[in-house]
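Enquirer: The task is simple: from the sequences and hints, build the whole structure.
For the sequence shown, this note's numbering begins at 9 and goes up steadily by one.
No wet-lab data here; the hints were simulated from the structure.
Predicted model only: the values in this text are computed from it and were never measured.
Virtual Cβ for every residue (Gly too), placed ideally from N, Cα, C.
Among the clues, some could well be false.
[To be verified] Straight-line Cα separation of at most 20 angstroms, SDA-like style, residue types lysine to any residue; simulated pairs:
1. 131 - 119
2. 90 - 20
3. 117 - 59
4. 44 - 65
5. 15 - 99
6. 15 - 76
7. 131 - 42
8. 11 - 27
9. 15 - 109
10. 11 - 44
11. 78 - 44
12. 44 - 72
[What the hints assert, rightly or not] Pair by pair, the computed Cβ-Cβ distance ranges are:
13. 133 - 21: 30 to 38 angstroms
14. 92 - 52: 18 to 26 angstroms
15. 116 - 13: 22 to 30 angstroms
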Amino acid sequence: MLKAGAKAVRLGLGFAANVFLHYAEAVYGVPYMYNKVFDVEVFEKGRPVEGPFMAVVRYLDLDLKFDFSKIQESVGTAGVVKSSVLGAGQVNAVTASDYVEIAIQLLKKDPYAFLMRPPSYTKGRHPFDGITKGRDGIS
9 MLKAGAKAVR LGLGFAANVF LHYAEAVYGV PYMYNKVFDV EVFEKGRPVE
59 GPFMAVVRYL DLDLKFDFSK IQESVGTAGV VKSSVLGAGQ VNAVTASDYV
109 EIAIQLLKKD PYAFLMRPPS YTKGRHPFDG ITKGRDGIS
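Expert: Here's what the structure looks like:
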């Protein structure tokens, strides 16, 4: 999608929060999200599709409060958003590759850049469960 020139087009909404934000979080590997496996029936054109199926999701037991102001400011300052008035609203479009590049740079500086504050992890529980030595069956 990045190489194909995909864009996020938002009708009447800001450009900060979109699917590419979560893509950037997944690619960077933020500690407040994980890969979840789903055991669900999936169909394509009426025919079952074999799994497994996965999605990157947030830990539900973490008190996450999102704050998109840094990505909003950074993407806006970079001048990569195209905007136009549509009726009483606005249409915003941003190329996925530009957006993801900016998002990743923010995450490199601060892996919690899209949160109001870092989560309060509980030591000994995912994702703060320590080293695996002695628990991994290797050592």
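Enquirer: Assess, step by step, whether the Cα of residue 15 is no farther than 20 angstroms from the Cα of residue 76, and give holds or violated.
Expert: 18 angstroms, holds
Enquirer: Mind checking the alpha carbons of residue 44 and residue 65 for me, to see if they're no more than 20 angstroms apart?
Expert: This hinted pair holds, its Cα atoms lying about 7 angstroms apart.
Enquirer: Given the hint that residue 11 pairs with residue 44, test it: the Cα-Cα distance must not exceed 20 angstroms.
Expert: 26 angstroms, violated
Enquirer: Checking one constraint from the list: CA of residue 90 to CA of residue 20, max 20 angstroms. Satisfied?
Expert: Roughly 13 angstroms separates the two Cα atoms, so the pair holds.
Enquirer: Has the given pair, residue 15 with residue 109, been kept, meaning a C-alpha gap of at most 20 angstroms?
Expert: Holds. Residue 15 to residue 109 sits at ~13 angstroms (cutoff 20 angstroms).
Enquirer: Would the hint linking residue 44 and residue 72 be met if the CA-CA limit is 20 angstroms?
Expert: Holds: residue 44 and residue 72 sit about 18 angstroms apart, inside 20 angstroms.
Enquirer: Starting from residue 131, check that the Cα of residue 119 is at most 20 angstroms away, please.
Expert: 19 angstroms, holds
Enquirer: Cβ-Cβ distance between residue 116 and residue 13: within 22 to 30 angstroms?
Expert: 24 angstroms, holds
Enquirer: Sort out whether residue 42 lies within 20 angstroms of residue 131, counting only the CA atoms.
Expert: 17 angstroms, holds
Enquirer: Has the given pair, residue 11 with residue 27, been kept, meaning a C-alpha gap of at most 20 angstroms?
Expert: 16 angstroms, holds
Enquirer: Tell me if the beta carbons of residue 92 and residue 52 are separated by a distance inside 18 to 26 angstroms.
Expert: Between residue 92 and residue 52, where Cβ atoms are some 35 angstroms apart, the hint is violated.
Enquirer: Does the alpha-carbon distance linking residue 117 and residue 59 stay inside the 20 angstroms limit?
Expert: Not OK: residue 117 and residue 59 at ~36 angstroms, beyond 20 angstroms, violated.
Going through the hint list in order, the structure does not satisfy hints 3, 10, 11 and 14.
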